Amino acid sequence: MTRHILVVDDDPHIREVICFALEKAGHSFVTARDGAEALSCFDEVAPKLVILDVGMPEMDGLEVCRDIRKTSDVPILFLSARDDEIDRVLGLEIGGDDYVTKPFSPRELIARVNVILKRMTPRQEAAPEPEALLRHGALHLDPERHQVAFDGADIALTSIEFSILKALLARPGIIFDRERIVSSAYGAGMHVSDRTVDSHIRNVRAKLQAAGCATGIETVHGVGFRLGACEAAP
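My numbering applies: residue 1 is where the sequence shown begins, and numbers increase by one.
Hints were generated in silico from the structure; no laboratory data involved. What you are looking at is a predicted structure, and each value in this text was computed from that prediction instead of being measured. Do not rely on the hints blindly, as some may be mistaken.
[To be verified] Pairs of lysine-lysine, DSSO-like flavour, derived with a Cα cap of 30 Å: (1) K118 x K24; (2) K118 x K70; (3) K24 x K48; (4) K102 x K70; (5) K207 x K48; (6) K166 x K48; (7) K118 x K102; (8) K207 x K166; (9) K48 x K118; (10) K118 x K166; (11) K48 x K102; (12) K118 x K207; (13) K70 x K48; (14) K207 x K24; (15) K70 x K166; (16) K102 x K24.
Produce the complete structure using the sequences and hints provided.
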């Protein structure tokens with residue numbers, strides 16, 4: 001079955017703008033007008049990406065995200081009003097991968113969509129070399145299977161959280177500033193606020209701690225972040 005991008009927004013004009021931009025960029029899509037319809041479409045079409053408005057009546061985008069995250073780690077790109085900073089940060093904290101503020105540039109939206117899809121799509125080159133399993137202490141990351149585990153316990157990460165941890169794990173002990181983290185997770189030339197980076201780091205750190213890794217990501221004040229010892233408790 002063809003996999004689509006699910007576009008969820010209660011404003012028909014915004015849905016039209018998004019769908020026009022997606023179609024022009026060669027993406028297929030389905031649309032939903034509210035949260036309930038979004039969840040129904042999600043179960044029916046199994047989309048590869050969800051573009052999800054935060055500020056919908058009745059069931060808002062945050063509630064839809066929470067429901068999706070119960071069963072799926074499909075990437076979610078939030079649409080948020082410019083003055084809803086709290087909602088944008090909360091959206092990242094509950095499992096969103098990225099956000100675009102309204103009013104938005106269709107070109108920026110497509111750029112962020114393409115970054116997410118490129119990260120989620122396996123390379124098609126002939127006979128590619130498999131990426132090596134990354135290990136540091138009791139932390140293991142399998143790039144090929146998109147899996148992370150600490151001391152044998154699986155850790156569920158969003159695609160961007162996975163990319164950030166992969167970059168840190170590839171060079172344990174090396175300090176990454178925010179610009180380097182953005183480049184690793186989003187690709188060069190993408191503008192992402194410091195607040196967004198900090199939200200992703202906070203999420204990864206919390207998930208590592210929940211799995212028993214108390215020395216996961218360390219903050220080097222005024223400089224950036226680095227991977228800690230990641231040792232299992234005795």
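Hints versus structure:
no.	hint	verdict
1	K118 x K24	holds, 17 Å
2	K118 x K70	holds, 24 Å
3	K24 x K48	holds, 18 Å
4	K102 x K70	holds, 27 Å
5	K207 x K48	holds, 24 Å
6	K166 x K48	holds, 21 Å
7	K118 x K102	holds, 24 Å
8	K207 x K166	holds, 14 Å
9	K48 x K118	holds, 11 Å
10	K118 x K166	holds, 16 Å
11	K48 x K102	holds, 23 Å
12	K118 x K207	holds, 25 Å
13	K70 x K48	holds, 16 Å
14	K207 x K24	violated, 38 Å
15	K70 x K166	holds, 24 Å
16	K102 x K24	holds, 20 Å
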